[in-house]
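> Once you've looked at the hints, dock chain B against the given chain A.
Protein sequence lines, in the order shown, are assigned to chains A and B. So the first sequence is numbered by our numbering: it starts at 1 and just counts up by one. So the second sequence is numbered by our numbering: it starts at 1 and just counts up by one.
Please note that a few of the clues may not be correct.
Away from chain B, derived, C-beta distances all over 12 Å, residues of chain A [stated by the list, open to error]: (1) GLU21; (2) ARG22; (3) ALA65; (4) GLN69; (5) ALA92; (6) PHE96; (7) VAL98; (8) ARG123; (9) TRP124.
Computed beta-carbon distance windows for the label pairs [said to hold, decoys possible]: (10) A:GLN69 to B:ASN31: 36 to 42 Å; (11) B:VAL9 to A:LYS63: 20 to 26 Å; (12) B:HIS106 to A:ASP51: 38 to 44 Å; (13) B:GLN59 to A:ALA65: 22 to 28 Å; (14) B:VAL30 to A:GLU97: 39 to 45 Å; (15) A:THR16 to B:GLY32: 38 to 44 Å; (16) B:THR80 to A:ASP51: 44 to 50 Å; (17) B:THR100 to A:ASN80: 19 to 25 Å; (18) A:LYS63 to B:GLY32: 22 to 28 Å; (19) A:GLY52 to B:VAL30: 38 to 44 Å; (20) A:PHE29 to B:PHE109: 20 to 26 Å; (21) A:GLU128 to B:GLY32: 24 to 30 Å; (22) A:ARG37 to B:VAL16: 15 to 21 Å.
One-sided and incomplete, this derived list gives chain A residues near chain B with beta-carbon spacing under 10 Å [claimed, not checked]: (23) ASP38; (24) GLY39; (25) VAL68; (26) SER70; (27) GLU71; (28) VAL72; (29) SER88; (30) MET90; (31) PRO129; (32) ARG130.
Don't read these hints as lab results, they were simulated from the structure. Just so it is clear, CB atoms sit at the ideal spot from N, CA and C, and this is done for glycine as well.
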Amino acid sequence: MTTPGAAAPAHLSPLTAEHCERLLRRHHFGRIAVHGRDGLAIFPVNYVYADGRLAIRTEPGAKLAAAVQSEVAFEIDEINETTRAGWSVMVAGTAFEVADTVDDVSVALRDLEVDSWAGERTRWLRIEPRAITGRALSDPGFPAADGG
Amino acid sequence: MELVATESVGRIAISVSALPAIFPVNFRLVNGDVVFLTGEGIKSQAAIEGAVVGFEVDQVDAEHRAGWSVMLIGQARMVTDEPKITADLRLSPWAGGARTNVVCIHPEFVSGRRIVASKS
Chain A
1 MTTPGAAAPA
11 HLSPLTAEHC
21 ERLLRRHHFG
31 RIAVHGRDGL
41 AIFPVNYVYA
51 DGRLAIRTEP
61 GAKLAAAVQS
71 EVAFEIDEIN
81 ETTRAGWSVM
91 VAGTAFEVAD
101 TVDDVSVALR
111 DLEVDSWAGE
121 RTRWLRIEPR
131 AITGRALSDP
141 GFPAADGG
Chain B
1 MELVATESVG
11 RIAISVSALP
21 AIFPVNFRLV
31 NGDVVFLTGE
41 GIKSQAAIEG
51 AVVGFEVDQV
61 DAEHRAGWSV
71 MLIGQARMVT
81 DEPKITADLR
91 LSPWAGGART
101 NVVCIHPEFV
111 SGRRIVASKS
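Just chain A, same shape as in the assembly (with noise of 0.2 Å):
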């Protein structure tokens, strides 16, 4: 069985904040954490990165209303399930609606263009990060799923 303090895994490595910094910045899906009515939920969701600041698109009245004004999880991974290499980013913080009124952080995230997957969205959030983390996993000479 597992040795208690042996647990870390050598493969996982944490990344540096520049390093979680520029994948947020480079990709723009990922998944959204929040407190629901009947447990934690996660939703996909486009999201776009910059100068510090997340903004999320999503539909007016959505799920995602439970997320405004608390505490949300956000990740962002890439995992090659052949190689099993990949990492992951989890941004913590708080989320918050991007008001119509004219203020200098909505005007900032409304000019930053986030795509939508799931077409026209017109509500905002963007979330204040307390914290990012990141890792890396590498494993070679891992055994694939399906040999052991």
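Same frame as chain A, now just chain B:
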């Protein structure tokens, strides 16, 4: 759940000190339950505590803006009395390492949606 069975990577949402966290996991569907391996840590702790967790699987074609997403919510538990599951699973955690804890999520709520591009 048929869609879920077609995938092997999903994301689990766990509440850590009341704050949500998301982790990708390599999983299998066994008798309708989501099963994955993990080491000592947040995920195994959630299972020990019998925490209610969220689990999501999706397949999204960003280019064509189409796909699906299935989300389930259920209690996580540690599988201790079914050693056969581990052998049958032939499931390897994608991060490798010493991961001998088998975590099982029995879905209480399942919801899914297909995403079809409404324009462009």
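> Would you list, in rising numerical order, the hints stated earlier that this structure does not obey?
5, 21, 25 and 31
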